[in-house]
Amino acid sequence: AQTVTQSQPEMSVQEAETVTLSCTYDTSESDYYLFWYKQPPSRQMILVIRQEAYKQQNATENRFSVNFQKAAKSFSLKISDSQLGDAAMYFCAYRRTNAGGTSYGKLTFGQGTILTVHP
Amino acid sequence: NAGVMQNPRHLVRRRGQEARLRCSPMKGHSHVYWYRQLPEEGLKFMVYLQKENIIDESGMPKERFSAEFPKEGPSILRIQQVVRGDSAAYFCASSPWEGQGRTEAFFGQGTRLTVV
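Protein chains in written order, with our numbering: chain A, -3 to 115; chain B, 3 to 118.
Since the hints were made in silico from the structure, they are not lab data. From a predicted model like this one, the values you see are computed outputs, not experimental measurements. Any given hint could turn out to be false.
Which residues of chain B face chain A? A partial, calculated answer using Cβ under 7 Å [stated by the list, open to error]:
| no. | residue |
| --- | --- |
| 1 | G30 |
| 2 | H33 |
| 3 | E106 |
| 4 | T116 |
Dumping the calculated DSBU-like pairs for lysine-lysine here, alpha-carbon to alpha-carbon at most 35 Å [said to hold, decoys possible]:
| no. | chain 1 | residue 1 | chain 2 | residue 2 |
| --- | --- | --- | --- | --- |
| 5 | B | K29 | A | K74 |
| 6 | B | K64 | B | K53 |
| 7 | B | K64 | A | K69 |
| 8 | B | K46 | B | K73 |
| 9 | B | K46 | B | K29 |
| 10 | A | K66 | A | K51 |
| 11 | B | K46 | A | K74 |
| 12 | B | K64 | A | K51 |
| 13 | B | K73 | B | K53 |
| 14 | A | K69 | A | K51 |
| 15 | B | K29 | A | K51 |
| 16 | B | K53 | B | K29 |
| 17 | B | K29 | B | K64 |
| 18 | B | K46 | A | K69 |
| 19 | B | K73 | A | K66 |
| 20 | B | K73 | B | K29 |
| 21 | B | K64 | B | K46 |
| 22 | A | K51 | A | K74 |
| 23 | A | K66 | B | K46 |
Virtual Cβ for every residue (Gly too), placed ideally from N, Cα, C.
Put together the whole structure using the sequences plus the hints.
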């Protein structure tokens, strides 16, 4: 079974600084998707960024970027120029690709990292 | 295009009562997933449904929990004879047919169930 581990229960950063959230995962599959989700106090799950395992290039979305190390099974999230609105719980998630043509969108989540942004 | 709609947002039930949580997927989405989030924890997969079919219920407790996604209407997660340990936030997510090449699941805002 796949597992996702976030070893940092809490992180903090000063506004405008950069912070990196860690995530490792375990899988025997070679092709899969990885995601970072943000959950603010409203509880809404917001997709921040996604990475397809077959792509070597790290995904980037504005101030958010990932460092995807497939061999090490590591998938960290870097937030640049941190803003107060970035404060939230962040979840790393894994999802397998299609298996035998059958869609399978189940996500396996890590435990989450609470990010605090200081003004 | 409205997002994934869950209702109610908050639900309070006494021990032994039934809880019924509803999820209307995004328009055009035929796949629904239910997750449970206990306090201070990540989301845990419960069940995956397509219209009129349960595809994977490996995360569902063996007793008291059931889910359906009928041909018409929302998906329903039903918890019978609730206990305090069922108190959690329950999230629904939907996605379109994977054959369209989309990989993203869209989440609702969740239903917070409190059992008193």
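The hints, checked one at a time:
| no. | hint | in the structure |
| --- | --- | --- |
| 1 | G30 | violated, 14 Å |
| 2 | H33 | holds, 6 Å |
| 3 | E106 | holds, 6 Å |
| 4 | T116 | violated, 14 Å |
| 5 | K29(B) with K74(A) | holds, 33 Å |
| 6 | K64(B) with K53(B) | holds, 22 Å |
| 7 | K64(B) with K69(A) | holds, 33 Å |
| 8 | K46(B) with K73(B) | holds, 26 Å |
| 9 | K46(B) with K29(B) | holds, 25 Å |
| 10 | K66(A) with K51(A) | holds, 10 Å |
| 11 | K46(B) with K74(A) | holds, 25 Å |
| 12 | K64(B) with K51(A) | violated, 39 Å |
| 13 | K73(B) with K53(B) | holds, 6 Å |
| 14 | K69(A) with K51(A) | holds, 14 Å |
| 15 | K29(B) with K51(A) | holds, 30 Å |
| 16 | K53(B) with K29(B) | holds, 13 Å |
| 17 | K29(B) with K64(B) | holds, 31 Å |
| 18 | K46(B) with K69(A) | holds, 21 Å |
| 19 | K73(B) with K66(A) | violated, 40 Å |
| 20 | K73(B) with K29(B) | holds, 14 Å |
| 21 | K64(B) with K46(B) | holds, 15 Å |
| 22 | K51(A) with K74(A) | holds, 18 Å |
| 23 | K66(A) with K46(B) | holds, 24 Å |
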